[in-house]
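Enquirer: Here's the letter readout for the chains.
Number of protein chains: 4
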Amino acid sequence: MSNSTLPRPLKGIIPPLVTPLLDSDTLDKEGFVRLIEHVIAGGVHGLFILGTTGEAQSLSYRLRHEVIEETCRIAAGRLPVLVGITDTSIVESVNLAKKAAECGAAAVVSAPPYYYATAQPELTDFYKHLTDQLPLPLFLYNMPVHTKVSFSPATIRTLAQNPKIVGFKDSSGSGSYFQAVCQEMRDMPEFSLLVGPEEMTAESVLLGAHGGVNGGANMFPSLYVALYNAAEAGDLEKVKELQQKVLSISRAVYNVGQYGSSYLKGVKCVLGLLGICSDILAEPFQHFLPREREIVRNAVEALNLGVTLKG
Amino acid sequence: MSNSTLPRPLKGIIPPLVTPLLDSDTLDKEGFVRLIEHVIAGGVHGLFILGTTGEAQSLSYRLRHEVIEETCRIAAGRLPVLVGITDTSIVESVNLAKKAAECGAAAVVSAPPYYYATAQPELTDFYKHLTDQLPLPLFLYNMPVHTKVSFSPATIRTLAQNPKIVGFKDSSGSGSYFQAVCQEMRDMPEFSLLVGPEEMTAESVLLGAHGGVNGGANMFPSLYVALYNAAEAGDLEKVKELQQKVLSISRAVYNVGQYGSSYLKGVKCVLGLLGICSDILAEPFQHFLPREREIVRNAVEALNLGVTLKG
Amino acid sequence: MSNSTLPRPLKGIIPPLVTPLLDSDTLDKEGFVRLIEHVIAGGVHGLFILGTTGEAQSLSYRLRHEVIEETCRIAAGRLPVLVGITDTSIVESVNLAKKAAECGAAAVVSAPPYYYATAQPELTDFYKHLTDQLPLPLFLYNMPVHTKVSFSPATIRTLAQNPKIVGFKDSSGSGSYFQAVCQEMRDMPEFSLLVGPEEMTAESVLLGAHGGVNGGANMFPSLYVALYNAAEAGDLEKVKELQQKVLSISRAVYNVGQYGSSYLKGVKCVLGLLGICSDILAEPFQHFLPREREIVRNAVEALNLGVTLKG
Amino acid sequence: MSNSTLPRPLKGIIPPLVTPLLDSDTLDKEGFVRLIEHVIAGGVHGLFILGTTGEAQSLSYRLRHEVIEETCRIAAGRLPVLVGITDTSIVESVNLAKKAAECGAAAVVSAPPYYYATAQPELTDFYKHLTDQLPLPLFLYNMPVHTKVSFSPATIRTLAQNPKIVGFKDSSGSGSYFQAVCQEMRDMPEFSLLVGPEEMTAESVLLGAHGGVNGGANMFPSLYVALYNAAEAGDLEKVKELQQKVLSISRAVYNVGQYGSSYLKGVKCVLGLLGICSDILAEPFQHFLPREREIVRNAVEALNLGVTLKG
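Chains as they are written, first to last, in this note's numbering: chain A, 336 to 646; chain B, 336 to 646; chain C, 336 to 646; chain D, 336 to 646.
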């Protein structure tokens, strides 16, 4: 399997791929091929699997290993593959990382253990122990709503002294926090600074961030790539035009239904409507009911994105 | 392997066993034998493994399976073994439950998936799907600080209509919530109502709860059993006397150091000082430093509990 | 105005009185007289005004002063009046306390300032500065859901060295926390330890607490007094019988509607149905709609409490 | 007193003024004059008094009224004065608004009531009742960490149909949320969209926000004005250069000490070091100790901002 190399810093749009499922423990293999080809055709700069959008925590380890194998096989070295190894057990995280290295992934990504809450010194110790056992470079992943802890800028700086730790992905949504992290890391230009929420990727890139790990890029990859390119080039007019499209998609797709899982359901629903892959979710979540699916369909059609949705 | 039977309702003190470790992925087998014999000698009414106190989420699946095997082997049908199968992946929960059934455990225990937050209707669906695949009866486990959701009394009542769901363990610490659950379940006297925090077990049993899943019973099982017995018998004078001892242990052992992990570190520290098992914790936590261990030792010695601590 | 004396420790049921309103800034004076006579006839041991149940924070200062005057006038020394002075401004807290002293109240009650979150050392400083200016003894009031901070047991102990601080009311609902506080304060038997939630008052009193500040005692004071008396006397059978009634009221009255304000709306709704006072709430809340009022009426009637509800 | 007019939309830097104090209830009048002249000289576009940075909740009503009077007197119509009327009592909010109108303020600003948590429909009702009684236009103020509720974009849109509601200030710090609000309000270009945190003001203005309510502008108003102007003009190079200065100030000044009040203490400390006004805080907070003040002094001096700090 051909290895992909990891640019330093990694830049651009790295979609956090959904995991297409036929049921809770069966990969929709054909859908997964279509999805990966779809985002590569859209010009994305890397693939991130087994993240929050990938429902990693809801999947069995067997299936997580299969997702790693399949992704690396399909990507075939065309772009770097980043593998989420976030777990509550350091042993399982290392197992996932070994699999990732074996399959030719470029790097791994780890949010803090998420059952117990951890304090900053515990985070520092944990990542020391983890990286000691990792065969691949690591991106830190900040996801406080799920992990109950946020990396302080000072903790990130301390951890970044470790040459195996090469970047940081922030899904906190906080603009002031992310700017504080950028300031803290200003003198390490090879350290990747990526944001999760697509709604704030453009503004972050305008001020120096390296890219976005945007869930919407599963659905409409070329749009998010174009927005990234405009921001990277400092083309403010283009940024404003594309930003409005991105925001209109978030508004249409991520807020149907009343629970916290609306984002996950929405992305998979649109991928189903686009004919790319199944919209099935792993427990504890369920895909949208027909009524909700119609709401999403109508909202997406009203956006005139030039895509055809299935009947 | 001889099966233990499950009383309905299950009553008494069911210690949530710590997992004695030689390192993050190696069971302290001799310590584990000593621990189980220690609590059985103390008169406990069941064993609960792979709970929060058991650091289940920090352990590899290989090790969790080993813990199930060893516990059932050592207990040898002398008392019911309850196995924690809490996971973010329903597939892994079912795998753990199958192992538990195979080894002769009496029941399984499951808190909600804990990465994403779930809503009440999602909880109901999840437990429907889970119990459909379970070979053993299930206790619901309420642990909102870790799982980001609390079972509403109405959800518990709905779920309890399922004959496979036989009890509820509440680790919320909320007296008013637990009483509301008791009221909701008043007409189902075979449904076990157990509380986690030992500080409120006696008062809950006085008003009708069936027992406690008390971490302190790892260290001093006969004390917690005596307190349960006094409460069960309505002997208020005895309850008050023993309650004070229990509270003095909590105060001495669980509040050393400044992080949320003080409870786990404290219990394992005392077990180490008692010569029962290793005090090593799995990542992301570390055992107490010598200085903290001395604080615990001195505090426990000052309680005059009639135990000898190691040098 | 005749002063009421303050027993040390204060014991029994001290209802946190609702503030009957004709509109957001007008006291329902006749209703207030009926309410106070109703709870005194029910045997309560004190009155607590301007607490969370009294909607103090929603009332103008003019109205808060009027509530103090009216309560002391109506109570006329028959039982101790405790006045909530919780505020974000220490100056306004002291102003309320001066009014309370002038009108003959027995003590004041203060939760921490609740706009900014405070840390434990800031709590200690704040109460030092506050008590220096207080003309009356003070009860600490723990209400973490509203104030964003919980008094640590050690902070309570430190503060209780101040002779002006005579008691602690805990509305956290946490049984394990309240027991930890009781343990910390064990050697100061004159320091009052009171619990807020009526669902856990009985069990707390069984283990040594001094009483309850129970919202339900606005509606059915003699029931909560009887439950307190049974617990104080150690009469477990009576406790269990009355506890069930108390829980059935909570279940019927406090959970109608979907917002956090259901408790406040429920208590005032029943007081309206009992013909005691108006059910109007101050902004930001509104009283129940007719449909919700019917739900409450039917639920209360089904309890067979022997009361007559208005048409 | 000459009235200032309110531009629609209000644009630019509107510093949330600190309230200079001689003690908890005494305004540092001379310091307040110097502060207001300092920020006006720095080119700010409005003044916002009695916000979170102004410690409004910690001040007595008498003092809040004095702050309104003094500000309007000193500003003398040179720029619009916005008055914070955030309160838990709607009656007191209206009283403050009447005072503001009487003194010639241009608008009022109100975050939701902050003792009880409110739900979205309750927010809508509350602001309806509030605006009905207001003599001045209103800015909504989102401050979820203090008020326990965040305006949903849909609630903002609903409220903005009310002609008295003319803008929104977001202090959530969330970039993705603020962008969602901008999208929701896209077709109402006269509705002001302002951000609180100075670290994310530039990026927000680049994408269309109207300005910032930046605490740092108390200390170094011309810097924040220059950053706003660069962002407004789309001068990315200038933005990046000034953004770094702004971030270095935040890092130096707002993170000394260990509590949530570090920001407030830091701003007042620097104002003291600059010789502008007293650094005293109202309870529940205290100004920095000499040791902490030296840390701030050294950190600010290291920034080479060209200012002279007092000995």
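Careful, some of the hints might be misleading.
As the list makes no split between identical chains, a pair holds if one copy fits it or if it spans any two.
[Unchecked claim] Here are the computed lysine-lysine pairs in the BS3-like style, where the Cα-Cα straight-line distance is at most 25 Å: (1) K575 with K645; (2) K364 with K645; (3) K463 with K483; (4) K499 with K580; (5) K364 with K433; (6) K580 with K645; (7) K346 with K575; (8) K346 with K645; (9) K346 with K499; (10) K575 with K499; (11) K580 with K364.
What the hints contain is simulated information worked out from the structure, not anything from laboratory work.
Just so you know, these numbers come straight off a predicted model, no measurement behind them.
Enquirer: For each hint, tell me whether it holds in the structure or not.
Expert: Okay, the hints, checked on the actual structure:
| no. | hint | result |
| --- | --- | --- |
| 1 | K575 with K645 | neither (30 Å within a copy, 45 Å between copies) |
| 2 | K364 with K645 | within (20 Å within a copy, 58 Å between copies) |
| 3 | K463 with K483 | within (20 Å within a copy, 28 Å between copies) |
| 4 | K499 with K580 | neither (37 Å within a copy, 30 Å between copies) |
| 5 | K364 with K433 | within (22 Å within a copy, 28 Å between copies) |
| 6 | K580 with K645 | within (21 Å within a copy, 51 Å between copies) |
| 7 | K346 with K575 | both (21 Å within a copy, 19 Å between copies) |
| 8 | K346 with K645 | neither (33 Å within a copy, 45 Å between copies) |
| 9 | K346 with K499 | within (18 Å within a copy, 45 Å between copies) |
| 10 | K575 with K499 | neither (37 Å within a copy, 29 Å between copies) |
| 11 | K580 with K364 | neither (30 Å within a copy, 50 Å between copies) |
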